[in-house]
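**Student:** So the protein lines, in turn, are chains A and B.
For what it's worth, my numbering labels the leading residue of the first sequence as 1, then goes sequentially.
For what it's worth, my numbering labels the leading residue of the second sequence as 1001, then goes sequentially.
Think of the hints as simulated: they come from the structure by calculation, not from any bench.
Just so it is clear, CB atoms sit at the ideal spot from N, CA and C, and this is done for glycine as well.
Worth double-checking, as some hints may not be accurate.
Some chain B residues close to chain A (C-beta under 7 Å, calculated; not the full set) [what the hints assert, rightly or not]: (1) Arg1167; (2) Ala1364; (3) Gly1394; (4) Pro1399.
Pair ranges (Cβ atoms, derived) [unchecked claim]: (5) B/Pro1125 with A/Arg191: 26 to 34 Å; (6) B/Arg1011 with A/Arg141: 53 to 61 Å; (7) B/Gly1169 with A/Ser169: 21 to 29 Å.
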Amino acid sequence: MTALKKCKELVTFLKNRSLESALAGIRRCDTGRTRDGVRQIRLLLEISGDFPKSVEWAGSHPSYIQAHKCARNCSQRREADAIRPADLPHSPEEFAMRKNDYSDPHLGAWRAYYKALVEAGVYVGANALEVPETGTTVRLREGKRRVQDGPFADTKEQLAGFIILELPSIDAGLEWAARCPGASIGAVEVRPLAPEAMRRGFTG
Amino acid sequence: MNEINQEDTHRIIERVARESYGRLVAYLSANTRDVASAEDALSNALVAALTAWPRDGVPQSPEAWLLTAARHSFIDLVRHRQVAEASEPTLRLLRENSMEMTLSAEFPDERLKLLFVCAHPAIDPAMHTPLMLQTVLGLDAARIAHAFLVSPTTMGQRLVRAKTKIRDGGIQFEVPQERELPQRLDAVLEAIYAAFGIGWDDMAGVDQRGRDLSEEAIWLGRVLLELMPGEAEVRGLLALMLHCEARRRARRGPDGRYIPLLEQDSQQWSLPLIEEAEGHLAEAANLGHTGRFQLEAAIQSVHAERARSGRTEWTAVVLFYEQLIRISPTLGTRTGYAAAVAEANGPEAGLAVLDGIDPEDVSAYQPYWAVRAHLLQRLGKTSEAVDAFDRAIGLAEDPAVRQFLLHRRG
């Protein structure tokens, strides 16, 4: 399995944003790649956006991946046949802009960004999430299952996708974040992945 | 005292703070090398002024008042730090110093020494510009952090570390000797130009913060010229910044659209700024030492000529670039050279220059890909051009530039 395919599983973990499960997911994306002599760190660019309720979503793009396999009432969701990380959506404005038409300049910007990441040799993996309304949240409390429609946290900013990069410093991460088409509409958060040893602790 | 007067007083304090900040910090830290304490002392003095001046009226010499208040605060600060062995020399220096101190508004301008300290070879080059912006201009760490794309906490820590190094690392407050002056001065000029470049890239005309930083850099350039009027490169740098600044308005359409240099309406360029720049460049030429900044200013001067003649003398641009590459073969220079060669001798010649650059060096250098895409498109190599456009678009930070390139790519 390629690192990219493994990254698909990450989405579920990231969606509930708890550190442990996120770390477990991240571990699966770790390809252990290093570059000659330079210590590389991996950064997670979390792309989020403002999601006002009034916006009508146009996010029915075929490349969005299945976010919640585990949720029972989420029977048949679309599964991406090919992952196109350049299609990361990140804000309602962007969802609204988005068309299935590939000549769309907005998609063009994302594809170009993806190409630049790959050509610069820093890209590890990425993916996009469906709009938060499509989420279903599961909790186990006192042995009882609680299933709820909607996102984990009802905040204005929601996680919309992620990119994992391998870079020499956090400064370089901020530079790539600033170039991300999502930064001028939503927000891009940059975080280092937890140290290898800690990640291993979660995954065995 | 009524509201309006209070507002006036606040404005006066702001103005004095802006004009005198660097002078006061430089003077307070020149003997002690303790820049951080000098800044803290000055902040305390400014806070004191905010209470005292509206109440008692603005003193006759606001700068001398601030200096006295800051000196008292400085001595307190150093005493309270309670690191006896570390602070004793500082206290002694302060005491010795205060013997000669009077309340007169006249005190030596030590800003030149401070500028050389900020760009000292013992300080991390990446911190030269942030240090200058903070110690000479009084910009806060958060604002510097935004400009440098670093988190505010990180920038704050880096500034503290650099100042500790100045204090404890034996860095002298002095103007370098003749022998090492060219190299040391170059670091100062480089740091000022870096501030200008950040302001320049920062979405001109859109982001107020960005524009301010370019203005701050020009201010620093003027301060330096006042302190070193006989240095050709100091004038060269100022000329370069003024030439670029003259075109600021023309770089964006009324709708915020990005407009490349060649398509700018030269009638929108600022003639007074161009004239001022030309004046400095001519002065610099009289001094007889060519240098990197004068050559860069000369290239801008050729472009500015279009406002008068309606055309660009590309062979002149190419010649200046050839000299510039000999002194400073940076990626930026070589990319600019390629663009100029393409205009003078055709896109194939320009592309050949680009091909001479190591691909490893340009994997994340946006201007290279923008120029390459443009030249490939002119040669009708459509699919290669699209590839290069994608790289340029993906590396662009400014949404207006991204939009422009997407449109060009078609």
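**Student:** Against this structure, judge whether each hint is valid.
**Tutor:** Each hint, compared with the structure:
1. A distance limit of 7 Å between C-beta atoms decides the matter here; for arginine 1167 of chain B the minimum to chain A is near 25 Å, and the interface restraint is violated.
2. The interface hint given for alanine 1364 of chain B holds, since its Cβ lies 5 Å from the closest Cβ of chain A, which is under the 7 Å cut-off.
3. A least Cβ separation of about 3 Å between glycine 1394 of chain B and chain A falls short of the 7 Å threshold, and the interface hint therefore holds.
4. Below 7 Å, beta-carbon pairs count as interface contacts, and proline 1399 of chain B has one with chain A at about 4 Å; its hint therefore holds.
5. The hinted window of 26 to 34 Å between proline 1125 of chain B and arginine 191 of chain A holds, with their beta carbons roughly 27 Å apart.
6. At about 60 Å, the CB distance of arginine 1011 of chain B to arginine 141 of chain A agrees with the hint of 53 to 61 Å.
7. Look at glycine 1169 of chain B against serine 169 of chain A: about 24 Å separates their beta carbons, and that is inside 21 to 29 Å.
Comparing the model with each numbered hint stated earlier shows that hint 1 is the single one that does not hold.
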